[in-house]
Amino acid sequence: MSRRSRRPPPGPLEYLRRWPLQAWLAMVGLFLYAPLITLMAFSFNDSKRNIVWQGFTLKYYEKALNNESLVEAFGNSLTIAAVSTVVSLVLGALAALALWRFRFPGKPVVDGAMALPIVVPEICMGVAMLVFFARVLPWPQGLPWPLNLGAIIIAHVSFSFPFVAVVVRARMASFNREMEEAARDLGAGEWRMIRDVIIPHMAPSLVAGALLAFTLSLDDFVITFFTSGPDTVTFPVKVYSMVRFSVTPEVNAASTILIVMTVILTALALRMQGDPAAVSGHGAANAKP
Amino acid sequence: MEQSWKQAKAVFAGAMGPPLFWLVLFFLVPLGIVWVYSFGQNVGLTEISFTGTFSNYARAIEPLYLKIFAKSAGVAALTTFLCLVLGFPVALAITFAPSRLKAWLLLLVMLPFWTNLLIRTYALIAVLRTEGYINLSLGWLWQKIGGLAPLVGMQPVGAFTPLELLHNNFAVVVGLVYVHLPFMVLPLYSALDRLDRSLLEASLDLGAGHIRTLLVIVVPLALPGIASGVLITFIPALGAYLTPDLLGGPDSQMIANVIERQFKRANDWPFGAAMSFMLLYLTFIAIAVQAMLSRSRGRPT
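Keeping their order, the protein sequence lines are chains A and B.
For what it's worth, my numbering labels the leading residue of the first sequence as -12, then goes sequentially.
For what it's worth, my numbering labels the leading residue of the second sequence as 6, then goes sequentially.
Because the hints were derived from the structure by calculation, they are not lab data.
Possibly wrong hints are sitting among the right ones.
[Stated by the list, open to error] Derived contacts from chain B toward chain A, CB cut-off under 10 angstroms, selection only:
#1 PHE74
#2 VAL114
#3 TYR127
#4 ARG134
[Stated by the list, open to error] These stretches of chain A come out as covered by chain B in the derived footprint (C-beta under 8 angstroms, 3 or more residues):
#5 17 to 25
#6 104 to 113
[As the list claims (entries may be wrong)] Cross-link-like lysine-lysine pairs, in silico, DSS-like; alpha carbons within 25 angstroms at most:
#7 A/LYS94 to B/LYS14
#8 B/LYS11 to A/LYS94
#9 B/LYS269 to B/LYS72
#10 B/LYS269 to B/LYS76
This one's a predicted model, so the numbers in the text were calculated from it and none came from an experiment.
In this text, a Cβ means the ideal position worked out from N, Cα and C, and glycines have one as well.
Modelling step: build the complete structure from the supplied sequences, incorporating the hints.
Okay, here's the thing in structure tokens:
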């Protein structure tokens, strides 16, 4: 390396230090972030028309928080996401464990069926859930909260747990099976081995899987739109009806709260895993049909 | 080695049973019912008789609906292409970034993906609408520059007419690209990251330029990753509902919007079921084509 200049010229493969790529990155970054950042900024704008900056205000947050149906929808969404994450985590981890550990007749079929919810278009699954809960298993009306959310929770688990299974199984591929034998030789029973050897190895993927299931549930509009009734409105469904009506700063305020929550959740997951790249991995696993 | 299920039947049943039960009851059965519905007929308001008719499928391939299928496939293909063009340089830059920066760049690509789809679509509406930020900035520029026109002896310019950016096909494609870009970047990145860098260095040392190295060395080697990125972007774009619904105009309907109408408003469930399964078959065909291509490439010639 030359010592003459303080910054050596970019090496042949240091593409990030070449200006055309930097400009391209900046452009894509602007495209991805400018709409979201303006949306957040204008939630503090003291103007109903929401286009010209008129001064700072928190009144739309107050309005959003006093909007009872919006708050209720928000609570519904969080409850659904929390419950469906727990159920998906258990089902996904069990499926990953079984598919990783055993060979059995019909395994390719089960493998393929498990991948189905990941590849089937959302609209098809939404329609299937609509028909199923309308004709086969009508969810009882008028149940007390949160039982009335049952149908939506079931639908959300159905599309999230295969994602959890994929993430956990990818992690189990790095498990050294000799550890299992060692545990067995040392006298560990089935349960003990799962609890003390396998689950600790799974742990990072369980965090990633939980985050994935939670976001998938919180994010889902289409499938919920087909499963929800008039008294089981979720946040995306509520925002949808508000957006169809008009563009108001109240929606900006509610959206900002959700975006901030997403960022906090992500930061928490990063903390727990110690490395942003590790969490990004859950997206890569998701991007694998 | 994997263990035979017979060696620990109880563990196998305990682990495989619950997820399999859930998958069958709450996924395969509902999907199967839709499939059965697609061979039924509406009799009366809510009664449906299962006659085993193919008339719903016959209706689905009438020119009116065939055009919507073709249009959806076209929009999805255009979206995929634009994502590839936009995303490839990004993936390339991330791949060759220093490792600390790499993690942050990946996170930056992922963060919008975690943000609620509806919120992202809403954010785009605010940017694109007639009174949106783009038109507002253009109008401001128009006034400023137009104000200068008389000074240099030109005719004064008229009032600014806002561009029609929302509720048309343009908005749908912008929206789909906006939503699906992370889907493209991640598989591209993971393919590029696995490349043997010495091959690139060799190509550069032997005098090929950067563009030539990219086209002749990088793209062919990353082809499996490109193919999976294309598939992962194309499938959700093909079945997109929300983006054409909120950003599109009356002529930007895609398959998913037609399906939704059959179930929610037109109340023609059998026809909607047939359309759903047409979409599903299209998805499977896309997956099969990709699998076949990657297999034939993997075989030594």
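Which of the numbered hints are not met once you compare them with the structure shown? Violated hint: only 1; rest satisfied.
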